[in-house]
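Visitor: Chains as they are written, first to last, in the UniProt record's numbering: chain A, 1 to 329; chain B, 1 to 329; chain C, 1 to 329; chain D, 1 to 329.
In case anyone wonders, no lab produced these hints; they're calculated from the structure.
Since the model is a prediction, treat every value here as computed from it, not as a measurement.
You may find that some hints are simply not true.
[Stated by the list, open to error] Label pairs and their in silico Cβ distance ranges:
1. D/18 <-> A/111: 52 to 62 angstroms
2. A/171 <-> D/263: 21 to 31 angstroms
3. D/18 <-> A/39: 34 to 44 angstroms
4. D/18 <-> B/101: 50 to 60 angstroms
5. D/208 <-> C/237: 42 to 52 angstroms
6. C/245 <-> D/76: 50 to 60 angstroms
7. A/25 <-> D/41: 44 to 54 angstroms
8. D/44 <-> A/171: 30 to 40 angstroms
9. D/9 <-> B/263: 42 to 52 angstroms
10. D/263 <-> C/97: 37 to 47 angstroms
[To be verified] Listed next, the in silico DSSO-like pairs over lysine-lysine satisfying Cα-Cα at most 30 angstroms (straight line):
11. C/233 <-> D/189
12. A/9 <-> D/9
13. A/235 <-> B/98
14. C/189 <-> C/69
15. C/189 <-> D/235
16. B/254 <-> A/189
17. D/9 <-> C/189
18. B/233 <-> A/233
19. C/254 <-> B/317
20. C/254 <-> B/9
21. B/254 <-> C/69
22. D/189 <-> C/248
23. D/15 <-> A/254
24. A/235 <-> B/233
25. C/254 <-> D/189
26. B/317 <-> C/9
[As the list claims (entries may be wrong)] Footprint (simulated), chain B over chain C, 3 or more residues, beta carbon under 8 angstroms:
27. 35-43
28. 258-270
The beta carbon of each residue, even a glycine, is placed where N, CA and C say it ideally should be.
Protein chains: 4
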Amino acid sequence: MVLYQLLQKHSGVTKINLYDHKLTAPSELNQVVPIFRGDQTEVLPYDDDAIIQNNDAVFFATSAGVTSKIAPKYMAAHFPVIDLSGDMRLASEAQYTKWYHKPAAPAKFLRQTHYGLADFESAKGQTYIANPGCYATATLLGLAPLVQNDLIEPDSIIVDAKSGTTGAGKTPHAITHFTQVDENLQIYKPNQHQHIPEIMQELQSWNDQVPAIQFMTTLVPINRGIMSTIYAKVKAGVNEDRLTSAFKETYTNKHFVQYTGTQLPDIKQVVGTNNCNVGFVYNLVTHTITVASVIDNLLKGAAGQAVQNFNQLFNYKETEGLDLQTFLP
Amino acid sequence: MVLYQLLQKHSGVTKINLYDHKLTAPSELNQVVPIFRGDQTEVLPYDDDAIIQNNDAVFFATSAGVTSKIAPKYMAAHFPVIDLSGDMRLASEAQYTKWYHKPAAPAKFLRQTHYGLADFESAKGQTYIANPGCYATATLLGLAPLVQNDLIEPDSIIVDAKSGTTGAGKTPHAITHFTQVDENLQIYKPNQHQHIPEIMQELQSWNDQVPAIQFMTTLVPINRGIMSTIYAKVKAGVNEDRLTSAFKETYTNKHFVQYTGTQLPDIKQVVGTNNCNVGFVYNLVTHTITVASVIDNLLKGAAGQAVQNFNQLFNYKETEGLDLQTFLP
Amino acid sequence: MVLYQLLQKHSGVTKINLYDHKLTAPSELNQVVPIFRGDQTEVLPYDDDAIIQNNDAVFFATSAGVTSKIAPKYMAAHFPVIDLSGDMRLASEAQYTKWYHKPAAPAKFLRQTHYGLADFESAKGQTYIANPGCYATATLLGLAPLVQNDLIEPDSIIVDAKSGTTGAGKTPHAITHFTQVDENLQIYKPNQHQHIPEIMQELQSWNDQVPAIQFMTTLVPINRGIMSTIYAKVKAGVNEDRLTSAFKETYTNKHFVQYTGTQLPDIKQVVGTNNCNVGFVYNLVTHTITVASVIDNLLKGAAGQAVQNFNQLFNYKETEGLDLQTFLP
Amino acid sequence: MVLYQLLQKHSGVTKINLYDHKLTAPSELNQVVPIFRGDQTEVLPYDDDAIIQNNDAVFFATSAGVTSKIAPKYMAAHFPVIDLSGDMRLASEAQYTKWYHKPAAPAKFLRQTHYGLADFESAKGQTYIANPGCYATATLLGLAPLVQNDLIEPDSIIVDAKSGTTGAGKTPHAITHFTQVDENLQIYKPNQHQHIPEIMQELQSWNDQVPAIQFMTTLVPINRGIMSTIYAKVKAGVNEDRLTSAFKETYTNKHFVQYTGTQLPDIKQVVGTNNCNVGFVYNLVTHTITVASVIDNLLKGAAGQAVQNFNQLFNYKETEGLDLQTFLP
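This is chain A alone, in the form it adopts within the complex (with noise of 0.2 angstroms):
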């Protein structure tokens, strides 16, 4: 839906074409996504054929254990994909399965994908991008700078993320039902969160000697943002100027990220927006850098970054349909 509200504003978009799996003749989107009162454009069943035919591109937003399935036709015809599910996104079908708990799609197919975290790895030329997840995402770019340059004991990682319902999904579950998220915090999926493989393989292909993280995912009474608390212990002879610099080389120049110094940043510094704001402090007594991560779900943890890669894709700026505001206050 958001990213829908986000194509409508990108000049590069002359038509967008919709289309759901579960319509057997075509449907209205106030029909499909009630949300949209009012809004009767159409859409269409799902048809690969059609799709291909009439579209320069495809987003899919779809379940895990669809595009895995489907991705393959379109890699044969080498048309265009931004696929934000999870299915593509791993090079290993081994790793896919014990994760997902689904059948993976064939490793050849696996292996032609683009891992699409926009900031660090660009779509141009690529066909089928798998658009990161939202937490990926979030702790990715917190601890880029220190993977990248070598700057933390590599079996230190812990990560402690936070995230607001709307990451969950739209489906009422008892997990998400008002009385028992307000007023309440709920850990979830401790150490079996299928963001876990994703991280490691993008850590591993900046540093390989990261061997594994630990990462814990916390349920808030929030609906939109993620905090990503990242910890980890600065090699011996790293000082607090080595990670500052780091992170000031490493964002200098990247749009949607913001280095905020030592005055961590809170979620709604970025909520509606595609940005992704990360801070740090350092504990001389306990060597431990934590870093803060935030972004929002929605835009830089889903259709945010996948119009950043359209944008890539297609050689359009990189702010083009992204020059969004906070939601103030």
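Position chains B, C and D against the provided structure of chain A, taking the given hints into account.
Guide: Relative to chain A, chains B, C and D alone:
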């Protein structure tokens, strides 16, 4: 306020006299604390001679910097005190001044107080009980089985603690304004929270190998409740069974601490009670244990534990006045 | 669940037997209601013969459409029932069918029940007590002084009632999903709420001039609590003093209803208690009285009033099991 | 703050100069309003001569009591002003003093201002525009079809308005402390809200039969958004079709007001936009219409409507700078 509610229902308490530092003439409770609408109980101006003469014990619920000045008089009189403030918790003048930014009570008095972590240190026979801080209580009860039994690498402790706004006091500040708290997560006092030294003091009394802890606090949009998420590297040779048995042995006979196994507790399980619920998961890949420890900050983290100490001091049944039920739902 | 908590602390209740319609074999409370983690109390399959034989009274906390079928058997046996459902509150079959969209119990049984608005209608000597709905309780207690004393224009009553989500039940629905409730206000069942006919039935028993009420319900992002804001035109010749004296006279001796004067009550004053707080302001310009009436929907609006009725039925002190304190803050 | 965000994206605005009454020397936006972290835009001390000389128009976003003093100078200079404060909305000195408890601007200036309810009163050709209050906007847009077409009993209007906390300003007060707002509903300023007289002034300009309105405000635990629930007795002879056609006719060509039919709007439909959504249900039994009117108090209720007035004043397209999308979800 919560303390007053508890003591009203305590079978051993026949008369509660209320005193307020800010008064110069007697007033009524509903005037001093408007939420006690209609309660015309007399509140007297603070007068230490009168307190000592007319009562059997006193509870202090004052801001930092108050009881450091008045404690010596009560100690000299051997008058029982349960002090909910942080002033007399630390045995070291230097530590107090460093973390509280105020002058400390004289060392000879600081050394006479009892740190009342009631599930581990009995108040029986004590005179001046320094009631622990809310974060300290949640964190220490989560760490006790691990530190007392020497099961974790002592320099690997990381605590990511989350608290509702009642922990921040009733005075209106920008950080606790509804529009700032709502839909937000805010890290505050990074590496500077004044509960760090009392946690360290108690941990080192259990195990002098612990050099320091990494401790961070995040304000979450709830009223009551603390969750301390605790991470530590498990020592080589310690397996999950040993971890489990340590928690079971430590808490089997402790009425107010419930070990929840690998089902990590959420905050709603304890809000409204004097209970601390603790559970853990062990990650074989990272050799890291994650403990979640939850309390109601106003009960177990303040007034409830104060009554628990009061019961120990005066030989009441440990559950007297604390037979509370969770707020459902 | 709240009822079970209350009865556990009731001095006159020696044994609570739990029964569940959905069970076919005995189970444990923690299995049936997961929030009662660790509580291994036996829950038995529903069996009316066993209930009548092994108990002194029964509380029904069933969905609409259940007790209309089972009530006759208990009535025939003259077995005391406190029914928290709406099935037996209306004396008219036609009204029940119209508002509940289900078949009603036979009229001869409907006419034998007692509408248990406990602060006005004593349950003493009754057998089948239909415990009032939550909105009905808040609204009737706000209107009683005005309607009983004929102080308002009978066709001018407008009720704007607001409720937290616990009033909507525990089953996850789109309307109670956190992301839908949070930061939102949702009017639901406009002019169609099933508590309207029981309010009318009781109002007309007090004053047959009241032809109808305008009653609207709004879902607000809180867990517990109802506020009924009630508007009515004051009759010519009735001044503010007369209105005040009517509220004072009506509620002076009612333990569970507090008249707060022109300080209109807020919801926090009553959450956690069996109290209803009512206050009013009178607008001389519009000749309109505005009454605010607040209750905890799970206590005064359900389980608390059920215990109040139980106390009347079995001659216990009216506050037995209901000596509760507000959730502070 | 929201106004500044809107103007930054307005195609007709080439330069925004910021001024602050409290400054004595130039400062930066991030210093004056910390939420604009990193924004080093200059903020100048307030200086009316400089404002008039260096700008084409000015927006005032001041507290009550400020523009009553400074407005005459701008009026004398025929300099375009859009005043978001309440100081210049009422044509009557006596009314201002009664409701605002401050001295009013001289009557000759009060009578020269334009009440800028932008969907009904065009600002074209005006000089001093008093931008309406948030509650007034929601309420007037809900009532306009009924009052302008004389469809309701003029003395029967009752407004139960609910607002989030951003309506209460940014200064921390006890009433807006998170612990007081959260899980609570608080009626405030009963019969005393200062938006009552501007609503009356506008209603009477539409229909001089309306003698008064009953208007109550409740603070709800959300950040942004107002819902005005409006009740009125429908005149004899007016049926539901007539009511429907009045709403349709009134709003068919008004871009920023959407008539939602009998599906009453919720707040999420409009938060983030300059829209007002209005719907109604008619109760044949009570002859009462219930209108729900929702707006984003910071946009349609303040900055958005100010830009709408600015567009009318300077002949921009009505949607210029206001092509906003709702915050989903």
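Visitor: For a quick check of understanding: which of the numbered hints are violated here, in increasing order?
Guide: 4, 5, 8, 10, 17, 19 and 21
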